[in-house]
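Colleague: Residues per chain are reported as follows:
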Amino acid sequence: MKIVVAMSGGVDSSVAAALLAEQGHDVIGVSMQLYDQSEGQASFGTCCTIDDLYDARRVAAAIGIPHYIVNFENRFTEQVVGNFISEYAAGRTPIPCSHCNSDLKFSTLLERALGFGADALATGHYARIDAGPDGAFVLRRGLDMAKDQTYFLFSLTQDQLARAAFPVGHLDKAAVRRHAERLELRVASKPDSQEICFVPDGDYAKFIETAAPELKRPGPLVNQDGEVVGRHEGVHRYTIGQRKGLGLSSREPLYVLEIRSPAAEVVVGPRSALERTALTASSVNWVAGTAPEGWKSVAAQIRHKHAAAAARVRALDEACAELEFEEAQSAITPGQAVVFYDGDVCLGGGWID
Amino acid sequence: MARIYLDHNATTPVAPEVAASMDRAVRELWGNASSVHHFGQQAKAAVDNARSHVAALLGAEASEIVFTASGTESDNFAIRGAAEALEPTGRRHLIASSIEHEAVLRTLAALAKRGWRVTLLPVDPSGIVSPEVLECAITDDTALVSVMHANNEIGTVQPLAALAQIAKAHGALVHTDAVQSAGKIPIDVKALGVDLLSISAHKFYGPKGVGAMWLRKGVRLMPFMTGGRQERNRRAGTENVPGIVGLGVAAQRASATLEEDAVRIGALRDRLEAGVLAGVTGAERNGAATPRVPNTTNISFQRIESESLLIGLDLDGIAVSSGSACSSGTLEPSHVLKAMGLPHMRTLSSIRFSLGTGTTEAEVDRVIAVLPRLVEKLRSLATVGGRR
Numbered sequence: 001m002k003i004v005v006a007m008s009g010g011v012d013s014s015v016a017a018a019l020l021a022e023q024g025h026d027v028i029g030v031s032m033q034l035y036d037q038s039e040g041q042a043s044f045g046t047c048c049t050i051d052d053l054y055d056a057r058r059v060a061a062a063i064g065i066p067h068y069i070v071n072f073e074n075r076f077t078e079q080v081v082g083n084f085i086s087e088y089a090a091g092r093t094p095i096p097c098s099h100c101n102s103d104l105k106f107s108t109l110l111e112r113a114l115g116f117g118a119d120a121l122a123t124g125h126y127a128r129i130d131a132g133p134d135g136a137f138v139l140r141r142g143l144d145m146a147k148d149q150t151y152f153l154f155s156l157t158q159d160q161l162a163r164a165a166f167p168v169g170h171l172d173k174a175a176v177r178r179h180a181e182r183l184e185l186r187v188a189s190k191p192d193s194q195e196i197c198f199v200p201d202g203d204y205a206k207f208i209e210t211a212a213p214e215l216k217r218p219g220p221l222v223n224q225d226g227e228v229v230g231r232h233e234g235v236h237r238y239t240i241g242q243r244k245g246l247g248l249s250s251r252e253p254l255y256v257l258e259i260r261s262p263a264a265e266v267v268v269g270p271r272s273a274l275e276r277t278a279l280t281a282s283s284v285n286w287v288a289g290t291a292p293e294g295w296k297s298v299a300a301q302i303r304h305k306h307a308a309a310a311a312r313v314r315a316l317d318e319a320c321a322e323l324e325f326e327e328a329q330s331a332i333t334p335g336q337a338v339v340f341y342d343g344d345v346c347l348g349g350g351w352i353d
Numbered sequence: 001m002a003r004i005y006l007d008h009n010a011t012t013p014v015a016p017e018v019a020a021s022m023d024r025a026v027r028e029l030w031g032n033a034s035s036v037h038h039f040g041q042q043a044k045a046a047v048d049n050a051r052s053h054v055a056a057l058l059g060a061e062a063s064e065i066v067f068t069a070s071g072t073e074s075d076n077f078a079i080r081g082a083a084e085a086l087e088p089t090g091r092r093h094l095i096a097s098s099i100e101h102e103a104v105l106r107t108l109a110a111l112a113k114r115g116w117r118v119t120l121l122p123v124d125p126s127g128i129v130s131p132e133v134l135e136c137a138i139t140d141d142t143a144l145v146s147v148m149h150a151n152n153e154i155g156t157v158q159p160l161a162a163l164a165q166i167a168k169a170h171g172a173l174v175h176t177d178a179v180q181s182a183g184k185i186p187i188d189v190k191a192l193g194v195d196l197l198s199i200s201a202h203k204f205y206g207p208k209g210v211g212a213m214w215l216r217k218g219v220r221l222m223p224f225m226t227g228g229r230q231e232r233n234r235r236a237g238t239e240n241v242p243g244i245v246g247l248g249v250a251a252q253r254a255s256a257t258l259e260e261d262a263v264r265i266g267a268l269r270d271r272l273e274a275g276v277l278a279g280v281t282g283a284e285r286n287g288a289a290t291p292r293v294p295n296t297t298n299i300s301f302q303r304i305e306s307e308s309l310l311i312g313l314d315l316d317g318i319a320v321s322s323g324s325a326c327s328s329g330t331l332e333p334s335h336v337l338k339a340m341g342l343p344h345m346r347t348l349s350s351i352r353f354s355l356g357t358g359t360t361e362a363e364v365d366r367v368i369a370v371l372p373r374l375v376e377k378l379r380s381l382a383t384v385g386g387r388r
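The listed protein sequences derive, respectively, from chains A and B.
Number 155 in the numbering used here belongs to position 155 of the first sequence; there are no gaps in the numbering.
Number 171 in the numbering used here belongs to position 171 of the second sequence; there are no gaps in the numbering.
Possibly wrong hints are sitting among the right ones.
Example chain A residues on the side facing chain B (calculated, C-beta under 8 Å, incomplete) [said to hold, decoys possible]:
#1 Leu19
#2 Glu111
#3 Gly117
Here are the computed lysine to aspartate or glutamate pairs in the EDC-like style, where the Cα-Cα straight-line distance is at most 20 Å [said to hold, decoys possible]:
#4 B:Lys377 with A:Asp119
#5 A:Lys216 with A:Glu258
#6 A:Lys244 with A:Glu265
#7 A:Lys147 with A:Asp344
#8 A:Lys2 with B:Asp23
#9 B:Lys44 with B:Asp23
#10 B:Lys217 with B:Asp48
#11 A:Lys2 with B:Asp314
#12 A:Lys147 with A:Asp342
#13 B:Lys377 with A:Asp159
#14 A:Lys244 with A:Asp192
#15 A:Lys147 with A:Asp192
These aren't lab readings, by the way, just hints derived from the structure by calculation.
Cβ coordinates follow ideal geometry from the N, Cα and C atoms, glycine included.
All chains, full assembly: derive it from the sequences and hints.
Modeller: Written out as structure tokens, the structure is:
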């Protein structure tokens, strides 16, 4: 099979490419250049930096496959970074990695791959694709639960899954590193990337203020009764459940409960007030292609590192769904994804309203 | 897979006779060309011989040739050297065309930061600098006018003689980056009327890492490299004897075959251009058909990103290039096509085909056959990813 591998320069996608090549596939390495990496900008990011691109190139050379760098800087800026900023401006807490997967990798890059005559696009994600009994594709969690990345892949459609491959999804991280060592890939001991790639120091507030200074809009911190208890420097500095950086002293610790972007109001209160049992989600994708009839029992995950909790979900219309947890969950955060699972099968998900 | 190389403006394969001469030079001419003894004399003789061949290619005197490490170095030397030498005269103005190679543009930008005024001349939609435009821009304060002989992306040849005449009338020096014309079309420095001219060996079947600058007898430049007294005090550093020997043989070869090659390659280029323009819907040539170097054609493909087409062609064994994508920098439209005033989308969809001595009719026909299918495929997939 002719397969394009999205190579980030990290160990997972490097091993993915190497394994496919070893299996005898016709493999083409492609790396996405996502930011301006002209002189003086090279220190940007923890993934897909110029050094990572060079790592990818060297790995490709080592395993003997062609390698190309495609420039997606404009798309990345518009679709991923732009969304990141506008979501924060709206008082929500976005997940750019999901948008990068759905709007860039399995969209533009997949188009390119097909254009180059490839049958599939492979990535280094920890996820698995199986053919279900009815012929539909099933998205499963990676075998290594600690590394599972289906939370970021919930929006994949049947069309996209039909052309996707996750060669390391059935491996755990240690096995991936062992493969890298066996294949003498120079990235074998490279650390995992952590933060959001375009905000390497993790200071999202500073990043947003630099990119969109107009969002630096001070406003009041209010309690649940609407009384002003303090001031803040802009809603983009807060996320639901945040405790640090409020600059308030009170008898019990205070947490961000709600962000009211239009009024630039941040509501704070006790930890107990963070708990919710219900949520609604939009831009919902059902991996199988159709929504279930009526209520469906699922395990729902509301953050990347959240342990999926028992819930029931039903579709409200084509794009929206409502979900009720059996037990209240802390800090259900607008802008994050809620992803539905049945065992290790990812049923789909949506964006929390 | 039999691969087809149509990127000769990026670099050319080393000609067999060049490789043989360099091989011999590496093994036998290892002496330091500045040394007095036999070993030095052997090396020096080879360097002098190469200098004569380069001079012959340019219609120049051997003593006017300075060897450098690249076309870029030659451009830097000419511009920085002229600017520095002319500083005491009070002239503080530099002029270039807006379609120069980065080696010129960035050098001018560096000088602009140090207080020089820089004017970049616009080009017309066919990629030509008109003498009237220079006439308007030039002042008696202008130290140097630098206009490339042939453009690397579209191949158009500038009316240098007319431009040089205007510059002369205002007492300015004239430099031309002839990296893309040397070996492709005849060059006679006297007829061009310029003072400084840059060439690079690897663009005409010589090795990488060696170039040359011609400077008209009597023109004084501030040395760019300081150190030993090589190259008549104009360019310090122990001579790269094998590289220079290779350049010399490449120049000799070009002098002998240039006219014949130009006719043959020009016919193939025209066949390719006509075939592609006729065979692919929404294909348009960029730049003037003439005057143009015989090996280059630049074509935009509507609703195609050149980056995709470039990779698709490479996967099909066809090597070309595009002016619009730079894998290590930002995705910017080609500054050349932009300066010609072409629409933004057209500047992002251009492919440069540059032919060479090894190009065959069968290769050209294969490209003509492959392109329509590939272009249509890329166009048809523009919405396949299911973006919502």
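Colleague: For every hint, state whether the structure bears it out.
Modeller: Hints, verified against the model:
1. Leu19: 21 Å, violated
2. Glu111: Holds, because the Cβ-Cβ distance from Glu111 of chain A to chain B comes to roughly 5 Å (cut-off 8 Å).
3. Gly117: At 7 Å from the nearest chain B Cβ, Gly117 of chain A passes the 8 Å test, so the hint holds.
4. B:Lys377 with A:Asp119: Holds, because 14 Å separates the two Cα atoms, which is no more than 20 Å.
5. A:Lys216 with A:Glu258: 18 Å, holds
6. A:Lys244 with A:Glu265: Holds - the C-alpha atoms of Glu265 of chain A and Lys244 of chain A are around 17 Å apart, at most 20 Å.
7. A:Lys147 with A:Asp344: Given that 20 Å is the threshold and the Cα spacing comes to 13 Å, the pair holds.
8. A:Lys2 with B:Asp23: 41 Å, violated
9. B:Lys44 with B:Asp23: Holds, because 17 Å separates the two Cα atoms, which is no more than 20 Å.
10. B:Lys217 with B:Asp48: Roughly 17 Å between the alpha carbons, so the hint for Lys217 of chain B and Asp48 of chain B holds.
11. A:Lys2 with B:Asp314: 15 Å, holds
12. A:Lys147 with A:Asp342: 18 Å, holds
13. B:Lys377 with A:Asp159: Roughly 18 Å between the alpha carbons, so the hint for Lys377 of chain B and Asp159 of chain A holds.
14. A:Lys244 with A:Asp192: Not OK: Lys244 of chain A and Asp192 of chain A at ~26 Å, beyond 20 Å, violated.
15. A:Lys147 with A:Asp192: 11 Å, holds
In summary, the structure is inconsistent with hints 1, 8, 14 from the numbered list given earlier, while agreeing with the others.
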